[in-house]
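Engineer: Order-wise, the sequence lines are chains A and B. Note that our numbering has the first sequence beginning at 1, numbered continuously upward. Note that our numbering has the second sequence beginning at 1, numbered continuously upward.
Accuracy of the hints is not assured; some may be wrong.
Simulated pairs of lysine-lysine, DSS-like, Cα-Cα distance not exceeding 25 Å [what the hints assert, rightly or not]: (1) B:K116 with A:K70; (2) A:K123 with B:K33; (3) A:K65 with B:K116.
Hints listed in this document are in silico derivations from the structure and should not be mistaken for laboratory results.
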Amino acid sequence: MKYSAIIIAFITLNTFAQTKYLTKTGVVNFEASVPSFEEVKANNKSVTAIINTENGEFASLALIKGFRFKNALMEEHFNENYAESDKYPKAIFKGQINDFTLKKITNKDTSFNIDGNLTFHGKTIEIKANKVSINIKNEILTISGNFLVKASDFDIDIPKIVKSKISENIKVIFNFSMLKK
Amino acid sequence: MRHIIYFFLCFPFIISSQNDLLSEIDTEPTKNKKVIATFKGLKIVNFESTKLVSKQELTFIVSHRFGSLKNGIDTFFGLDEAVTRLNFVYGISDRINIGLSRSSFLKIYELSGKYKLIEQVENGFPFTLVGYNSFLINTALDKKNLPLLEFKHRLGYTAQILISKKINSNLSLEIAPTFFHDNYVLVNNQDNSQFAIGFGGRYKLGKRWSLNTDYGLHLNRANNSPFRNPLSIGIDLETGGHVFQMHFSNSLAMNTNGFLGQGSGDWSNGDIFFGFNLSRRF
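Based on the sequences and whatever the hints tell you, model everything.
Structural biologist: What follows is the structure in C-alpha cells.
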C-alpha cells in the first residue's frame, strides 16, 4: 500500500512536471481599420500563454503597453484614452479547449473549439466555441486562431470625431508557439 | 502516521489542482514602465513641453497669435492682425529632435534641437529631463534705422532644461530653467544675457481635452523695461493624428527669446492675444 502510494506520487509528480507548454513570446495582433483610412493596427510580440495538455486548460496574458502601433502618437492615444493602460495594464484570457488530448495533435493543424473569458479594460466577455488550430512540430506546440470583438463590449468609447476612422468590430489574431515547461 | 505520509505524497497533486494556470504566468510585475502622455503637445502653451516627436516622424506646427483683444470690434478682437509661426520638427530618434521655424514676429528664423536625457519611470526615476537649445536670426532689424548693425546683432540663443513630472493620470507639471541671450536688445539697460524660470502644467478635463497653462518668471529684466512676464492659459484638444491648442497669452512672440524677453501685453487691462498651435504629423 505504501509503495503504491509512492508510485502514484511519482506518477503525479512526473506528469505534472511535463504536461504544460508555455511561451513568453506569443504574438497577438488586433486590427480596427476602416478601408481608405489610416490603418489602426497593433502588434504585441511578448504575450505569455500556457496550456495544460492533461485537460486542455489554457490561459494567456498580454501587457497592454506591449502593443506597438504604426505611429507613436496612435500608441499613446490608445494607452492613454482608449485602453487606459495605467488603470488596466493587462489583457487576460482564461479558457478551456474542448475535447483536447495530446494524441489528436500531429504536425498538421487540427481544429479545436475553445471556450473562455477575455478580460480587457476592466470588462470580461465570454468567448464561446471559437476555432483554434493546434499542431506540434519539433516539440513546439503551436496554437493559432482569431476572433472578433466589439469595442463597446469593453466599454471603450470611440469619440464621434474619429468614429468613421476606427472600426467598431475588432479582429484579434493570435499565434502561440509553446515549449514544454 | 500513514495518513500524513499519504497527504505529503499527494501534495504535488493537491497543490497543482489549487493553482490555476493563470497564476503561473501572471507573475511578472508591471512596474518599471515608462510614463507616457505627460504632455501631448510639443508645447504646453508657449514653453516647450517634454514631449518629443518620435523617430523618423515629421511634425508640422502652425501657430498663430492674433492681435490684442483690447481694441475690440475695431480689429475684430485681434483677428485682423496675426503673427504666424511655421515650424517643422523632425525626430532623428525618439530622443533627438531638430526643428526649423520661421516666425513673422521680427521675421525670425530659428533652428532648434531638443533631446531627451532621462524619462520618468513608474516606481523609478521621478522626472523627465529634456534639453532644448535654439539659435535665432532676426531678419527684421533694418540698417536704415540701425546704421551700425552687423550680422552678429541679429543672432540670439536659447538654452533650456525642461523638467516634467506626471503627478497622476490627469495632472502633469513642468519647470523650465532658461538662459537666453540676444545680441541686440530693444531696451538699452537690459542685459543681453537673461535668465528665467518657466512653470507649466496640463490638467486633463476629459479624455481628449486638457487645460494648459504656463508662466515665465524673468529674473533680470531691466527696471525700465516695458515688457512683462508671459502668462498663458489654453485648452488642448486631441483629434487622432493631431493636437489642437487654443489659448490666451500676453505675448505675441512664439520663440522662447521672444515671449520671455518681449511679452508686451498685460492681463490686467485685457491687452491679451488669442492664439492657437495646430500640429500635424507626417
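Engineer: State for each hint whether it applies.
Structural biologist: Results for each hint:
For the hint pairing K116 (chain B) with K70 (chain A), the CA-to-CA distance comes to about 22 Å; that is within 25 Å, so the pair holds. For a cut-off of 25 Å, the pair hint linking K123 (chain A) to K33 (chain B) stands: about 23 Å separates their Cα positions. For the proposed pair K65 (chain A) and K116 (chain B), the alpha carbon gap of about 20 Å is at most 25 Å, so the pair holds.
Of the numbered hints given earlier, the model fails none.
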